[in-house]
Every structure is written in C-alpha cells, then in structure tokens.
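Novice: Build out the structure end to end from the sequences listed, making use of the hints.
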Amino acid sequence: MEPVWQIPRPALFWLLFTVVALAGLHADHLTPWLLGAGALVLAWRVQIYRGVWRYPGRWAKAVLVLMCGGAILASYGRLYGLEPMVALLWSGFILKLLEMQRRRDALILVCLGYFVAVTQCLFSQTPGTALATLGGVLLVTVVLAALHRRAEAGYWRPMGTAALLLAEAVPLMLILFLVMPRLGSLWTVPQPRQGAIGVSDVLAPGDLSRLGASGEVAFRVKFDGAPPPHNQLYWRGLVLSRFDGRNWSRIEPARHPGTAPQSPDLSVERRGAPVHYQMILEPSGENWLFALETPVPESPEVTLNDDLTLTRATPVASRWSHSLTSWMDYRAAAGGLGDGRRALETALPGAANPRTRELAARWRGEVDSDAALVERVLALYNSDYVYSLEAPLLGRDSVDEFLWRTKRGFCEHFASSFVFILRAAGVPARVVVGYQGGEYHPDAGYLTVHQYDAHAWAEVWLAGRGWVRVDPTAAVAPERIETSVADLLGGEQAFLADSPLSLVRFRGIRWLDRLRLQLDYYDYLWAQWVLGYEYRQERLLTGWLGAWDPWRLGFFILGAGALALLPVLLGQLRLARRRPRPALERLFERYCQQLARRGITRAQGEAPRALAERVARERPALGADATVISALLEEGMYGGGKPDLADLRRRIRRLG
Amino acid sequence: MPGLRAAFDRRYQQWLDRRLPSVPSCRLENRRLFIFPSGAGALYGALLVVLWLTATNFENNLVFGLTFLLAGLFVIAIFHTYGNLHGLEIVPLRAGNGFAGQDVDFVLELRNDGRRPRESIHLSYAGGETREIHLGAGERRRVRLSVPARHRGWIDPGRLTIASVYPLGLLRVWSHVRLETRALVYPRPGAAGPTQPARPATSEEGSASVPGREEFAALERYRPGEPKSRIAWKQHARGLGLHTKHFTDPVDQRRWLDWDDFPGLDTEARLSRLCGAALAADAGSGSYGLRLPGQIIPPGSGRPHRDQVLRALALFGLDGSG
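Residue numbers (the working numbering), protein chains in the order written: chain A, 975 to 1630; chain B, -2 to 319.
Fair warning: there could be bad hints in the mix.
[Claimed, not checked] Listed next, the stretches of chain A that the computed footprint assigns to chain B, with coverage defined by at least 3 CB atoms under 8 Å from CB atoms of chain B: (1) 1110 to 1123; (2) 1127 to 1140.
[Unchecked claim] Partial list, computed: chain B residues near chain A (C-beta under 8 Å): (3) 54; (4) 58; (5) 62; (6) 66; (7) 113.
[Said to hold, decoys possible] Incomplete in silico selection of chain B near chain A, CB under 8 Å: (8) 69; (9) 72; (10) 117.
The set of hints was computed from the structure by calculation and includes no laboratory data.
None of the values given here were measured: they were computed from a predicted structure.
By construction, the Cβ of each residue, glycine as well, lies at the ideal position given by its N, Cα and C atoms.
Specialist: Right under this line is the structure:
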C-alpha cells in the first residue's frame, strides 16, 4: 500500500483558483451545466481535503461522467465540433480533480489544465485573449511549481518561481515562433462556430441597418500603391438574384478553378491598371469573401465564382489574410446574357407589390432605353426619400410600402426596390451585398472596413455594356458614398447601438480619435505580425539570413538560442557563487594555517581557547600571542564583540 | 533475462565506480551530476506534441506561441533543476553503531555555500529510507540516514543517491556519490546463556583484584564516560576538580564470556550468543571479560569496555582491523 499522498496546501489552493480562472476564460462557450459541475467538483474537492467527504466511488464517478456527457449532448447536440470537444476536455479536467489521489494524477491534471487554457485561443485571437490565456498558463505553471515544493514555502513563492521561469522562457518562445516552419493543416479539424455578425446570404429589409449598430471590424485592406478613391471602394460579397416577395437570396454560384468564368454570357474583360491589395479578414464563420470588382485571388484556397464573387474552401474561423488583384475597369458579360440567365435575373415570383409593378410597366413604355429607365428610377429616389438607419418596419408588400408610404430607408431598401422596379420592367438586375468604403488610417496607410460599412447596391445588365454597378443610395445620399456612413449617420440613435463604448462614437473629440486610430493600428500590427505571421515568415527570414535553408535556420536557432539562454546561465552562475564568508571566519582559518606551519594542527571542533591552551603547552614561545588572538576571535565570533580586524590580521601574520 | 539485468547492473556499477570513485567528501560538480526528464517530463513532452499538432491543424499562431513558450519553459527548467544540486557539498560526519538486523545511522552534513536556496533534495542509501531536505542560502544542515545492517562487521552504506526534481518536476537531476564512511555492526544479540564465573585464579595476575565496585581503591581524575554515581562529589565541592572513586572487586565477581561456552554452535551463532551475554553482563553489575580464540579482553566494565568487547565480537574472524 502506497502512503497516502496529500496535495500540498498551496498547490491545492492554486489548483482550485486555476479551475475558477479557466472556467471564466471559457465561460462563453461552456454551457452553464458544465460550469455548475465545475462548482460542484470544486466544493467536493475542498471537502475531501478537509477530510469531511470521501473520494467518489465507482458509481458516483460513473454518474458524474454520464451527467457531463448528457449535458454536452443536450447543449451542443453533437460530439464532433470544437465546442463539444472543449466541453469534453473541460469535463475530463474537472472530473480528474475528484480522482487526484496521487502526484501522478495531479500531473495529468496540470497537463489537461495547460491544454484547456490554450484551447481558448481557438475561439478568439485578440490581444486580450492572448493575455488572458497567458494568465491561465501562468496559473497552471504555478500549480506545477507548488506541487514540487514543500507546503511551508507558502503561497507566493511558487508564483514567483513560475513567473521567473516563464519570463526566462519568453526569448526562447520568440526564437521558436520566428523560425519554426508552419506546415499547414495536417488533417481537417472542426472550426469554432462563430456568433460573429456580418453580411449574410439572405437579405431582408432591416438586415443591414442592424449591422449599422455594430462598430466591429469586418476586415482590413493594405493596398500596394495608391488606393482607389473612396467612392470606388465597393467590396462585393454576395450576389443575390432570387426574390421571394420579401427576401433576396443567392443562387449558389458555379465555381471556377481558373481566373475567368467559362460560360460565354459571363465572360469578363479586365482593362486598365490592376489594383493589388492584401485583405486581413476578421473571423466571420462564413466561406464567402469580399473583394473589389473582378478579383483574381492568389491563395489556392480561394476560388472565383461565375458571378465574380469569391469563395474560400473552409469558413473563415480565425483571422486570415490573402492577396488579390482587381481591375476596376471591366466589362462583364458584355456579349449578351443567355436565356436561362436572363430568366433568372428578371424573375419576380408572385403578385405582391402591385403598385410598383404598375409603375414599372408605365415607365417602360415612356422611356426608350434601359439606361434611361435607370436614370428615371434614380431621379425618383432623389426627389423626396430619406436615407436613415431608423427605417420603419415594412409589411407584406414591402416595396409598395417603402416607395409610397414610408419613403425612409437604409441601403437595402433602396437597392431592393430599385432591382424590383427594373425587373418588373423586364431589365435584368440583381442585388449585391458587401461593404462600401472604409476608413483610412492616416499614418499607417491601411483601410479598415467596419460592420457599419455594410452596404447593398444593384447591378443592372445593359445591352452592349454588360453588368453595370448602380448604387441607388448614391442618388439619395451621395455623402454616404463619398465619405463615410459614420459621418453621415453618426448622429442617429441606431448607429453603433450595439457598441456603446466604441470609440468611433467620439470621433469628434480629437485626442480620443487619435487614440482609437492608434489602438486600431496595434490591432492591425497584431494581425499582420502575429496572427498572419506565416505569410511573412519566409520573406522576413530570407531577409535576415540571406537564404532559406535548413542549415542556416539550424545555425540561427543555435546562435539565437545561446544568446537567449546566456542571461539564464549567468543568473545560475551568480547564484552558485560561494557566499563571501564572514571576515572572522576567514581570519580563524588563516590563524589555523599559521599554527599548522609551526606544527600545531587544530583538531576537529577544537575551540579557539582550547587551541591557545594547547599552543601554550606545546610551543610556549607562541603561547602569549595565541592566547590574545584566540580571545579576540572568540569574543568576535561568539561573544558579540567587534574586534579590530586590522590589528587581528597583523597579529596573525606575526605568528608565521 | 534476470541474468542480463544483473549483468547490466554490474556493468553500470563498474562504470559508476570508475567515473565516480570513493571520496572522503564531495562537491557536486558537473562531472558528478546527471539530468534527464522525469516521468512527468515525458507526459509534458506528450502535451507539447499535442499542442503543436493543434496549432498546426488549426493554423493558429497564438497556439504556436504558447506551445513554444511551454517548450521554452522546459529548457529553462533544465538550468534550474541542475542548479538546485550543482555546487552542493556533502561531508560524511560520523556513523552510528548498530546490531545486525537493525538499522545503523549515517550522519552527513550538506553544505550550501552558494547564494541560492536549495529546495526539496532527496537523499537515500540503497535499501534505506529517503529524506527530503531544504537548505537556505549559506546553510549547513545535518541529515541522519539509516541503512539496514544485515551482517556484523564494517558496513559500507554504498552509494548515496542524491536527487531533486525541483522546481517543476519535469526533470530529475541526480548523483550517486560514494563517500568514505563506514559503520561498525555488532553481531545480532542472541539469547544470553549462563555465563561462567571467572575461574579461580591460577596465575599471579589472576589473584590481583580487578576494577569493581566492592572495595574502595583510589580516587582518579574523571574521564568522560564514567558513571556519575562514582563521582566524588565531596572532593568536587571542595574545588579539587572532578574525580571518580575507583573500587576493586574480589576476583570471583568477574565473569568471563567464553567462546568455548557454546559448544556445538557455528561461529556466527556463538558470536551472537556472546554479544547477547555481553549486553546482559553490561546491564548487570560486575565486570566481565571476553575470551575469543586468539584474543582475550580482560574483565572490565563501563562504556569503553563494552565497546571494546562488542567491537571484538563484530570483527572476529574478519579482515578489517581498523
């Protein structure tokens, strides 16, 4: 029978504290049931330590396991997926607490704790999350240190040890981070389900106005060279061609591996100077991407669709960046639309919105070209419509109500009604959703596109010109396109309603605006250098080392590693140096050496006085001196006196 | 397989003997220290692999960063674990005596002359108990380690294992130090049979009185170890220093512990009986002597005498004299 191992009190304290901290870290994606189980186990563990309760028996453990498994299945509905997996890990972590009977168990718990802490980074990758996770890792390390230290050392020493060791490990981390190759996904893993907001593939009246309430970043763009003007920054996301009377939705586009759509009526001709740019996307949880018109992606993960939008192989689950080229001057499907396509792009099922249909039919007869019809509709918007985030709710005949009753709407109302009128008049048209504009960082020269920049506009097919972008919003509120929605609607209640603390709100206050831009810049650097480091690694290291080969990398790791370990080594050497011994002790040693030269060797443990007595007996000539020296030494070492060291040293030297 | 294992152990011991020969005292320097990941370290290594796989598959640079931080922590722990033993000095102070079948104690002094506190150092001799000690900066501390004594005679405790996993338990640093220290083990005390009264004196020295407790003989200077009951307190009170009263006993009070009293027994059994008899005689009154083949200890009493008798029994027939 092994002796009962009792966890050191500080280790238990830090362990329980760590469990609470990790629960806080994961509170977002753990169900309340599992957090409750954590609290129960915590209480149980404390009672075990106090000797009040016992370790759970086999049955109790089985029940606990079943309860956790049931809670996971009931809350997530599946076991495959990142959230249920982390929930399983968490359950294992807390249940192991109740099984911690040996040091080995505690070590397994520590390893699970590290893993639980690190998985937090799979859900969110902001600097704040990184810092919080680092805190979690520190706490687990404190537990590890406390497990290997006697309880009497107290609660704070393990914390000091863990902090020191982690701090010393940071340079090594940096070297490994810079140099270690990133292999890319070895097998497919479940991605977190994002509760992220953003443009969706179904557009109902009011959807984009809701995004106007959010100040979150959608993506950032860094242009190679001069950026296009603000009114040309149409970030196309999805093309919505199907209308069901209320919602616009997308017809799943055909994907093309190459850069040009194959079908003849969708041929694209790119003209003029290309625009190169890099996009850094915030996680959206969706696999559609945003780009300027006629994009050609560089990343092999991205494919171009026949409606000239982009699709990524997997949803964007974490910050991700890729590079693109676009041609702002283009002709798309200028050669003509196929019949099938034309039917799709003019379809208006049902009989809703009779007034609008009637108006369209009337105008159709009054104008001589499609282009003139477009001008006519835009002129209508320009007459007495209001562009606002705070649009009234619309009923069944949403277009009729908007055009004749409310006359107040956000971009989706204008785009939707515009496309409806054109289709009713037999002109192929479709709604495009995405973002418009963005905010330039004045110093760093990148563009930040926020959720409130979400926008809907239209594309109309005109004979001889192909698909042409028409933005009805520009007819109502040209400032929206020329400057920014924040400038235009910043005063409205609904703007940034979901982000009450967003600094965008205080753009009028100069220093706060500087601060906001500065913070945004740090976030941008974080995304560029940390989250997207693999895109820069090769260029950076090639720049440093001259070339990218295993030998150079190996030497770099060795050299930089030695440099990083040097302070640690020096610290250890400093600690290992002997403490300077007290002067009296050294003098006593010198005294004994002098006597030894005269043939008197001090016996083990012989006190100075006894030594002097022996000297007096065996070498009477030295007796007097020895007696004085011994008395002085004894007084200094044991008597609390402070003899004159110089005098003592002189006397000892004279002995020899 | 056991043969192979034994052969390996033997080779390892030989290698150790060559590498770390016996020393009077030692300071743990680079040459003497070994370091290797512990079981916990292996578990930690597995964790690092899992974390790296996670980072690679999720293409998550934060997870990469934390994985590398934990890998760095392991490397840093090597230095700290090593430093916890490096420079520590071990000096054997003394060894206690014991009887075969019991434990004997070895007292060591650990000297930490460096500026670092040293935590959780485990000391043990093979087969003996393990002690955990902590040393503050500049502290010296004595440790008593007991080792089971199986046979009489000199015993060498073998290699001292000194090990530590401080601070994180991920690595174990250790040394097997062979110190020049030994303990004298007396025979296992057997049932004390009847001892013979000293035979009537046949020679002149036999007629002389032997130190005893009946007749006052003389006052002598006090020597450490003499029973307090014999101290001449009156003389002490007069300021004449410590003296003890010495008595003599008539010859027939002496007892002889004789090798020949236990016919038919083998050497070890005889020694065991003699040892038991000596302890009984020492506990009782009177003086006693020992007769072994080729060695005679005249009757006497007191602690030094007892030790002399036991020592003769312990080393009888053995090579080691010192």
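Novice: Enumerate the violated hints, using their earlier numbering and listing them in ascending order.
Specialist: none
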